[in-house]
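*Asks:* If you want the building blocks of each chain, they are given just below.
Protein chains: 2
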Amino acid sequence: MKNCAKLCRTLSTLANASYINLKPSVVTDIPGPRSKELSSKLDSIQETRTVSFFIDFEKSQGNYLVDADGNVLLDMFCQIASLPLGYNHPAIIQAMKDSSQLLSFLVQRPALGVNPPVQWPQVLQETLQSVAPRGLEEVVTTCGCGTSANENAFKAAFIWKRAKQRPGVEPTTEELESAMQNRSPGSPSLSILSFENSFHGRTLGSLSATRSKALYKVDFPAFEWPVAPFPKLRYPLQGKQDLNNIKEEDRCLKSVSNILSTHPVPVAAIIVEPILSEGGDLSASPRFFRELRELALLNEVAFIVDEVQTGCGATGTFWAHEAWELSTPPDMVTFSKKMQVSGYYARKGLRPAQCSRIFGTWMGDPLRMLHCKAILDTINSEKLLERVKHTGEYLKSGLMELSNRFPEHIKNVRGRGTFLAWDCNNSEERDHFISALRQYGVNIGGCGKNTCRLRPALILESDDVEVFIEALNRTLKAIST
Amino acid sequence: MKNCAKLCRTLSTLANASYINLKPSVVTDIPGPRSKELSSKLDSIQETRTVSFFIDFEKSQGNYLVDADGNVLLDMFCQIASLPLGYNHPAIIQAMKDSSQLLSFLVQRPALGVNPPVQWPQVLQETLQSVAPRGLEEVVTTCGCGTSANENAFKAAFIWKRAKQRPGVEPTTEELESAMQNRSPGSPSLSILSFENSFHGRTLGSLSATRSKALYKVDFPAFEWPVAPFPKLRYPLQGKQDLNNIKEEDRCLKSVSNILSTHPVPVAAIIVEPILSEGGDLSASPRFFRELRELALLNEVAFIVDEVQTGCGATGTFWAHEAWELSTPPDMVTFSKKMQVSGYYARKGLRPAQCSRIFGTWMGDPLRMLHCKAILDTINSEKLLERVKHTGEYLKSGLMELSNRFPEHIKNVRGRGTFLAWDCNNSEERDHFISALRQYGVNIGGCGKNTCRLRPALILESDDVEVFIEALNRTLKAIST
Numbered sequence: 043m044k045n046c047a048k049l050c051r052t053l054s055t056l057a058n059a060s061y062i063n064l065k066p067s068v069v070t071d072i073p074g075p076r077s078k079e080l081s082s083k084l085d086s087i088q089e090t091r092t093v094s095f096f097i098d099f100e101k102s103q104g105n106y107l108v109d110a111d112g113n114v115l116l117d118m119f120c121q122i123a124s125l126p127l128g129y130n131h132p133a134i135i136q137a138m139k140d141s142s143q144l145l146s147f148l149v150q151r152p153a154l155g156v157n158p159p160v161q162w163p164q165v166l167q168e169t170l171q172s173v174a175p176r177g178l179e180e181v182v183t184t185c186g187c188g189t190s191a192n193e194n195a196f197k198a199a200f201i202w203k204r205a206k207q208r209p210g211v212e213p214t215t216e217e218l219e220s221a222m223q224n225r226s227p228g229s230p231s232l233s234i235l236s237f238e239n240s241f242h243g244r245t246l247g248s249l250s251a252t253r254s255k256a257l258y259k260v261d262f263p264a265f266e267w268p269v270a271p272f273p274k275l276r277y278p279l280q281g282k283q284d285l286n287n288i289k290e291e292d293r294c295l296k297s298v299s300n301i302l303s304t305h306p307v308p309v310a311a312i313i314v315e316p317i318l319s320e321g322g323d324l325s326a327s328p329r330f331f332r333e334l335r336e337l338a339l340l341n342e343v344a345f346i347v348d349e350v351q352t353g354c355g356a357t358g359t360f361w362a363h364e365a366w367e368l369s370t371p372p373d374m375v376t377f378s379k380k381m382q383v384s385g386y387y388a389r390k391g392l393r394p395a396q397c398s399r400i401f402g403t404w405m406g407d408p409l410r411m412l413h414c415k416a417i418l419d420t421i422n423s424e425k426l427l428e429r430v431k432h433t434g435e436y437l438k439s440g441l442m443e444l445s446n447r448f449p450e451h452i453k454n455v456r457g458r459g460t461f462l463a464w465d466c467n468n469s470e471e472r473d474h475f476i477s478a479l480r481q482y483g484v485n486i487g488g489c490g491k492n493t494c495r496l497r498p499a500l501i502l503e504s505d506d507v508e509v510f511i512e513a514l515n516r517t518l519k520a521i522s523t
Numbered sequence: 043m044k045n046c047a048k049l050c051r052t053l054s055t056l057a058n059a060s061y062i063n064l065k066p067s068v069v070t071d072i073p074g075p076r077s078k079e080l081s082s083k084l085d086s087i088q089e090t091r092t093v094s095f096f097i098d099f100e101k102s103q104g105n106y107l108v109d110a111d112g113n114v115l116l117d118m119f120c121q122i123a124s125l126p127l128g129y130n131h132p133a134i135i136q137a138m139k140d141s142s143q144l145l146s147f148l149v150q151r152p153a154l155g156v157n158p159p160v161q162w163p164q165v166l167q168e169t170l171q172s173v174a175p176r177g178l179e180e181v182v183t184t185c186g187c188g189t190s191a192n193e194n195a196f197k198a199a200f201i202w203k204r205a206k207q208r209p210g211v212e213p214t215t216e217e218l219e220s221a222m223q224n225r226s227p228g229s230p231s232l233s234i235l236s237f238e239n240s241f242h243g244r245t246l247g248s249l250s251a252t253r254s255k256a257l258y259k260v261d262f263p264a265f266e267w268p269v270a271p272f273p274k275l276r277y278p279l280q281g282k283q284d285l286n287n288i289k290e291e292d293r294c295l296k297s298v299s300n301i302l303s304t305h306p307v308p309v310a311a312i313i314v315e316p317i318l319s320e321g322g323d324l325s326a327s328p329r330f331f332r333e334l335r336e337l338a339l340l341n342e343v344a345f346i347v348d349e350v351q352t353g354c355g356a357t358g359t360f361w362a363h364e365a366w367e368l369s370t371p372p373d374m375v376t377f378s379k380k381m382q383v384s385g386y387y388a389r390k391g392l393r394p395a396q397c398s399r400i401f402g403t404w405m406g407d408p409l410r411m412l413h414c415k416a417i418l419d420t421i422n423s424e425k426l427l428e429r430v431k432h433t434g435e436y437l438k439s440g441l442m443e444l445s446n447r448f449p450e451h452i453k454n455v456r457g458r459g460t461f462l463a464w465d466c467n468n469s470e471e472r473d474h475f476i477s478a479l480r481q482y483g484v485n486i487g488g489c490g491k492n493t494c495r496l497r498p499a500l501i502l503e504s505d506d507v508e509v510f511i512e513a514l515n516r517t518l519k520a521i522s523t
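Which chain is which? The protein sequence lines are A and B, in order.
The numbering of the first sequence is our numbering, which starts it at 43 and goes up by one.
The numbering of the second sequence is our numbering, which starts it at 43 and goes up by one.
These aren't lab readings, by the way, just hints derived from the structure by calculation.
Where is the CB? At the ideal position from N, CA and C, for every residue including glycine.
Be aware that one or more of the hints could be misleading.
What the hints assert, rightly or not - Derived DSS-like pairs (lysine-lysine); straight-line CA-CA distance at most 30 Å:
1) B:Lys203 - A:Lys203
2) B:Lys203 - A:Lys255
3) A:Lys491 - B:Lys206
As the list claims (entries may be wrong) - Sample of chain B residues at the chain A side, in silico, Cβ under 7 Å:
4) Ile72
5) Phe96
6) Pro152
7) Ala153
8) Pro158
9) Lys197
10) Val211
11) Pro213
12) Pro227
13) Gly228
14) Leu232
15) Phe262
16) Arg293
17) Cys294
18) Leu295
19) Ser297
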């Protein structure tokens, strides 16, 4: 058995490199020749049309990615909002080096629901339970991705709804037998209410709730579930001073209320994102969400907050819904992305009476749970929620200023923390803008029809904001002339 | 920055320990007091009723697990069939130590569909492409679990089916608009045909195809998809000599044919497991599957083989469907479990014309892909498929002998390689048998109504088979007296 010199050398290289202060440096078109060559190789086995460019993950550091061609970009998109501490953060590397639990999970994946590792209860307590949304400390179910997190939350809502309708605890023989035929009453006519422009995943159940893009949905069978309008507000949000916005939110709440009382397929749960991300970074006021929660209570439907994209700090609070100051916590909160592990939190009352109804072989990955622990520890020790609030204000004010100077190109600046966005005139201009900005050394994302979204790591600093604003400024000047 | 002494020490401990030859040793009831204590701790945050016992993954070695109470069991279930090389295999540990790519994936998860790592094309070629089922070398899509693998395969089938029905390449405006409302024609009435007792996952789409247990399905909305009978055969299979079995298979094929031509919801794909595992380890003859494939071709529906549980060697061939000797390869093959990564292979013709239709944030985990590479390399270097065939025959003959001696307790021995099973008289006797066997030092699984299933690692040896048969013998004697 050889020693682990190679692994140690790599570890040390990564750890030392993390002190190098990278700056944007663009030396080729993006994607460059090496990325194109890799794409062509990859295309012999896998879809490549969604690939922007390839990344050298070993060379990337902090807020800066290094692509396959040696271009260095400030990364304000961060693996579709799933990189909380940027690249090769020294604290994560150190945590992995210090973890005596690591190797056994690296060389074998446990079936967590049947034979959990002896460390599992403690790891869960130190991670997911330690950041549980208020009121949801007693149930967390883990799984493999965001779409499964939402599917499982839907299932918990259906079980809860049907249990309330049943006189006894156990399903009847008729229910069990008809369920095997996918027929009522065992397979009930129940629905999930979601919003226009929402995104909740891509498997057939979660996709029935997703309403962001037709190409995500077309050709697939879908459940006859209702959709409510989501407020189309005037940005920046002015709170109670903007009567038009209040009126628009009331119109949407009324529509929700109507659906809950009249839709032919009874609603078991409402699901909503704190900021409708994939659908165009649409916001609403805390009052809107509080009213929505009240409507759910009044109509006895579960209230699910989808924090797959908003969770884990980027809005300035750990969970974005904390800003709503709800008087009754949500029934469930789903998570994934920056958390590295996915799943849902629930009220204790949402534990099913029977076991093995929400289940899978792996039910997550303890290796990524250790990763999650290192992230949560670092968010605490480096006070990153504070930093996000501070950096977010600086970033937003820079965006507002550019919006004032280039009102034709930067519209409707919005968002919280560093979870910010603006609109372009149309999708072509937006796509062109993202490509142009990349050539000035900054990587951002698009969403909705014409929106640019920022999803930087929580470690973004004022210096990085200045790099970003400077590149944005140069891009705007270039496209304005 | 501290050095990585701790990590190296753990690595070396695991590697040295792997040479220790463990033997069954039961010192407490299973679950023992420590497992019960951990369960009680875990129950404050997570469902625990499915937990059999907790495992000390660092102490477990090879085919032997060590539980939280120090009991040593020969593991013939292996994390629900997902542990191909047992515990702490030295080759996997060495591969992880030698991997210079490892750390960057350990400290950050890439969004593989947008910014893949520079190593990704090569890693994919050396892993999934190197073991691609014949004819499916050009498309592999990765995701996070087995249920998502099947959901994505269904989506690929629906896209393919609708594309054939459409005069142009792009969906019409009417299709796109109606899809946003979950209505026809954009959300078409199309179905997946599956079999009685099949298991294909737990999200709402894959669950509509799952037909193994009512409690998995009850209370959840389901698509009106058809189900065909799966042959109820007499075991052990005798091939062409058993006319009753042939007749039974023909009855089921006729039912499939009827559904394909008359079901009110047109069928886009047939999905079938080579051995219906969760539903009771039900087998059929290669001829049955060949005829099924022909029916799919004749009716222009996709033929999906679900190898989530059967894939990666345990039946003696890398993919179980290789034994069918199909003249036309399946349209898709799904995988997960022993592969450590999940996804589906497809014919090139099943690549959608538009991009971003089958997609997710992570699309798998490159860390588990390195794990998969180490596994595949070891299967090759240690000639484990050969070993499985050899050990499987020895294991099956031992089971047959016990079945002859205890015909009231070991019925219908069946399966291929080490992927073997038998029936008990009913579920109570089966559950009791599994518990009793555990006290004699062997861990096995249950499935279906009254079936015991064996899912050992591919490294099982004749010595281990003898340990197993001896424990089984003692258990049978104990329950027979």
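*Asks:* Please list, smallest to largest, the hint numbers that this structure does not respect.
*Replies:* 1, 4, 10, 12, 16, 17, 18, 19
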